[in-house]
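Asks: Keeping their order, the protein sequence lines are chains A and B. Residues in the first sequence are numbered from 1 upward in steps of one, following UniProt numbering. Residues in the second sequence are numbered from 1 upward in steps of one, following UniProt numbering.
Be careful, since some hints might not be right.
Said to hold, decoys possible - Restraint ranges, calculated between C-beta atoms of paired labels, are given here:
1) A:Asp136 x B:Met421: 49 to 55 Å
2) B:Asn470 x A:Ser214: 51 to 57 Å
3) B:Phe417 x A:Asp308: 34 to 40 Å
4) B:Thr297 x A:Thr80: 32 to 38 Å
5) B:Leu416 x A:Asp136: 36 to 42 Å
Claimed, not checked - Only pairs whose alpha carbons sit at most 25 Å apart, straight line, appear in this in silico SDA-like list of lysine to any residue:
6) B:Lys472 x A:Asp184
7) B:Lys140 x A:Ala127
8) A:Lys26 x B:Ile48
9) B:Lys140 x A:Lys26
10) A:Lys26 x B:Leu56
11) A:Lys26 x B:Ile52
12) A:Lys321 x B:Asp202
13) B:Lys496 x B:His292
14) B:Lys472 x A:Gly196
15) A:Lys321 x B:Gly192
16) A:Lys257 x B:Pro413
Rather than coming from a laboratory, the hints here were simulated on the basis of the structure. Cβ coordinates follow ideal geometry from the N, Cα and C atoms, glycine included.
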Amino acid sequence: MKIVYLATAMACAVAAPAFAQSTIDKPECIAPANPGGGFDLTCRVAQTGLEPHLTAPVQVTFMPGGIGAVAFNQFNTNRTDDGSAIVAFSTGSLLNIIVGKYGAFDENDVRWLGTAGADFGAVVVRADSEYASLKDVMDDLAADPQSVVVGAGGSVGSQDWMKGALLMREAGGTPMQMRYVAFDGGGDAIAALLGGSIEVYTGDVGEMVPYLESGEMKVLATLSPDRLAAPFDQIPTAKEQGYDVEWTIMRGFYMGKDVSDADYQAWVDAFEAAYATDAFANVQAERGLLPLNLSGEALTASINGTMDELRAIATEAGLIK
Amino acid sequence: MDTVLSGLATGFAVALDPFNLMLVLVGCFLGTLIGALPGLGPINGVAILLPIAYGLGFQPEAALILLAGIYYGAEYGGRISSILLNVPGDAGAVMTTLDGNPMARNGEAGRALSLSAVASFVGGTFAVILMSLFAPALAKFAVTFGPADYVALMVFAFASLASLVGKSTVKTLLGATIGLMLATIGIDANTGVARYTFGIPDILAGIDFLIVVVGLFGMAELLSLVEHQARGTLKSLPVDRSFVRMADLAQTKWTIARASVIGFFIGILPGTGASVASAVAYGTEKRISDTHGTFGTGDVRGLAAPEAANNAAAGGSMVPMLTLGIPGSGTTAILLGALLMFNIQPGPMMFAQRPEVAWGLVASMYIGNVALLVINLPLVGLFARMLTIPQHYLTPLIAVLAFIGIYTIVGNPHDLFMITMLGVFGWFLRKLDFSLAPIILGFVLGGLFEDNLRRALSISGGDWGILVQNWKSVLLYLLALLVVLVPVVLARRARKVAAA
Chain A
1 MKIVYLATAM
11 ACAVAAPAFA
21 QSTIDKPECI
31 APANPGGGFD
41 LTCRVAQTGL
51 EPHLTAPVQV
61 TFMPGGIGAV
71 AFNQFNTNRT
81 DDGSAIVAFS
91 TGSLLNIIVG
101 KYGAFDENDV
111 RWLGTAGADF
121 GAVVVRADSE
131 YASLKDVMDD
141 LAADPQSVVV
151 GAGGSVGSQD
161 WMKGALLMRE
171 AGGTPMQMRY
181 VAFDGGGDAI
191 AALLGGSIEV
201 YTGDVGEMVP
211 YLESGEMKVL
221 ATLSPDRLAA
231 PFDQIPTAKE
241 QGYDVEWTIM
251 RGFYMGKDVS
261 DADYQAWVDA
271 FEAAYATDAF
281 ANVQAERGLL
291 PLNLSGEALT
301 ASINGTMDEL
311 RAIATEAGLI
321 K
Chain B
1 MDTVLSGLAT
11 GFAVALDPFN
21 LMLVLVGCFL
31 GTLIGALPGL
41 GPINGVAILL
51 PIAYGLGFQP
61 EAALILLAGI
71 YYGAEYGGRI
81 SSILLNVPGD
91 AGAVMTTLDG
101 NPMARNGEAG
111 RALSLSAVAS
121 FVGGTFAVIL
131 MSLFAPALAK
141 FAVTFGPADY
151 VALMVFAFAS
161 LASLVGKSTV
171 KTLLGATIGL
181 MLATIGIDAN
191 TGVARYTFGI
201 PDILAGIDFL
211 IVVVGLFGMA
221 ELLSLVEHQA
231 RGTLKSLPVD
241 RSFVRMADLA
251 QTKWTIARAS
261 VIGFFIGILP
271 GTGASVASAV
281 AYGTEKRISD
291 THGTFGTGDV
301 RGLAAPEAAN
311 NAAAGGSMVP
321 MLTLGIPGSG
331 TTAILLGALL
341 MFNIQPGPMM
351 FAQRPEVAWG
361 LVASMYIGNV
371 ALLVINLPLV
381 GLFARMLTIP
391 QHYLTPLIAV
401 LAFIGIYTIV
411 GNPHDLFMIT
421 MLGVFGWFLR
431 KLDFSLAPII
441 LGFVLGGLFE
451 DNLRRALSIS
461 GGDWGILVQN
471 WKSVLLYLLA
481 LLVVLVPVVL
491 ARRARKVAAA
């Protein structure tokens, strides 16, 4: 690694007059998971979407382990000043930071760079379910929190669980009263919903696309701030139905804490330039992401706001003290 | 039926395209090698090749055909190091060591390799045929399998494996308990509490199955090889030119048929895979046909059962993936991710919207199974010759490969410490005359058992009645009773007959 740094430094010294503002010569996107997962997808958005706006193509590398904790710690200990590397994160990573799964480091120990897009929570039931609207679910939850079996692909304290917890809170109960069934991934949870083991699945909008047409499940509400574009334009938001529940899954990138302002700014500029194009919007759509474009200061501010909110919920749910 | 035939026609048109045909062959060959290397299994094989296929800009169907070829090639190849070295090549090949390795030690490596290739072929082909005929109906059945039914399935698995008891019942139980304890490490899904992680972030997600397998089996085996070498008590294995005989096939035909059915049905269930399938198939077979106590000493049926089952399970796990978009195993989960990267929405509409991808994949599985048999049989002699490599070259080579294999799973040096530690632990257990299989089975079945039991109980709100609420779980409990009781009754009757 040292040799590479040295080589980079020397290359930069030679090329200094031409590229004084930036040292991003070998852009790299780190997906802190195995290939084929959500972080891989996030990195592919950077790879395809930023291609016209960077001097070299973005290489995707994988650093799995400890649900992203390995990468987070790596960029807080060894690679804090690597100006060429960006790391994919999602709202789930933020939650992991809060509940201490990423160790001693927190959101102030990295530089938040830009978003790849967003996905939103969805309240899903089987096509032949007795629940016809979100109101039916909420009424049952309000009458008896134990009467509805909710399931999703994450453990208690994960973002899938959070969606259920927020619904529960809105219905007047406490998150720990919820009858929540934790599955190993969204696929198993969908299988359980189709098989009738659980009644309500708190999933994501993006994964519902193939099922909208086949008609095996119905989406009672999206947990987005506003109504989404087609093919989701027929689905009301929870807010429209009178419930103040919102769950945005942000997908984006961070960098090490000690990255120089010049490198950081070069990346931010690349993202800003990409956001302005239709091509980037297409890349997002192809990867099943909905538009949410924030970078630099705006993203950092947004994340700080989200963190406060998540901390409040996590405290209330007894996940942290 | 018409749709199946026209679909298959579309599929074969895609799969027989010269480029795609080449990819099937390349995938199968690479898969066999990857599967044969200890520590590298189908999951890493697919994960390593996915970014390459993406980077080379393949058509989606071509990429998927290549990756699927690697998948079942690796299920095929996993048996090679199990048989030759007593080191499972991947997670689904653990049971193969039990009778496969004794055969190699008896100088029948060639016979074991060729018989297992045939068993794999039958299991794999059986799965593809069932899949192409009944996939949608099977998937519908698979999703009705709820957490309570999984609990019953695990009880059945434990019951059929009770026959694995080695010399000492206490040691078998202790071993299974160690396995159960290892399975509890990591974040508890139902409460979000980190259990036995001691603040180490690397094991928050639990210990990977492959790490336990490579550590306990692989590293421990290497340590004992080194020990024997140092003492000069190493027994050199005879070079053999044995090959599968017609008599072997006749003897194992029902074993292979049963194991294929068991493997396929366990494979289609989301949440269980080749390792559970091969374990249940081996246990059931031992219960049914091990009348002379020859299982574990190199019985051909004990070798054929897990091999037919793990390949049938690999095919079976494609069913929920292709028809519902639900992965049936870790590897199919990566294949699903691959589809997304190629802008294909996996799910119920895939056969309708992208028939060339879905049917092309199915057709490539037919071709792949034949290709694997054709590739594998002539290579048997070559693989068997591996045993003639002097131990002082072979041992370090396997160690290096295992370390590389484990490192590629997650690229985390922590896992290398883990396999070393588990290896030393496993070596001590062997010295104390523990059998390692119960530990592995406790680990894989225990995790599934606990997760599903707690899911079932949170669904029912704590009412244990849910465990016997539908016919599937009741049937499985009855079967569990049967596999425990029948051999006892038979043995008693045999004794009476002998006495009379």
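Asks: The structure should be examined with respect to each hint, and the outcome stated for every one.
Replies: Hints, verified against the model:
| no. | hint | verdict |
| --- | --- | --- |
| 1 | A:Asp136 x B:Met421: 49 to 55 Å | 53 Å, holds |
| 2 | B:Asn470 x A:Ser214: 51 to 57 Å | 26 Å, violated |
| 3 | B:Phe417 x A:Asp308: 34 to 40 Å | 38 Å, holds |
| 4 | B:Thr297 x A:Thr80: 32 to 38 Å | 58 Å, violated |
| 5 | B:Leu416 x A:Asp136: 36 to 42 Å | 53 Å, violated |
| 6 | B:Lys472 x A:Asp184 | 22 Å, holds |
| 7 | B:Lys140 x A:Ala127 | 14 Å, holds |
| 8 | A:Lys26 x B:Ile48 | 21 Å, holds |
| 9 | B:Lys140 x A:Lys26 | 48 Å, violated |
| 10 | A:Lys26 x B:Leu56 | 19 Å, holds |
| 11 | A:Lys26 x B:Ile52 | 19 Å, holds |
| 12 | A:Lys321 x B:Asp202 | 24 Å, holds |
| 13 | B:Lys496 x B:His292 | 16 Å, holds |
| 14 | B:Lys472 x A:Gly196 | 14 Å, holds |
| 15 | A:Lys321 x B:Gly192 | 14 Å, holds |
| 16 | A:Lys257 x B:Pro413 | 24 Å, holds |
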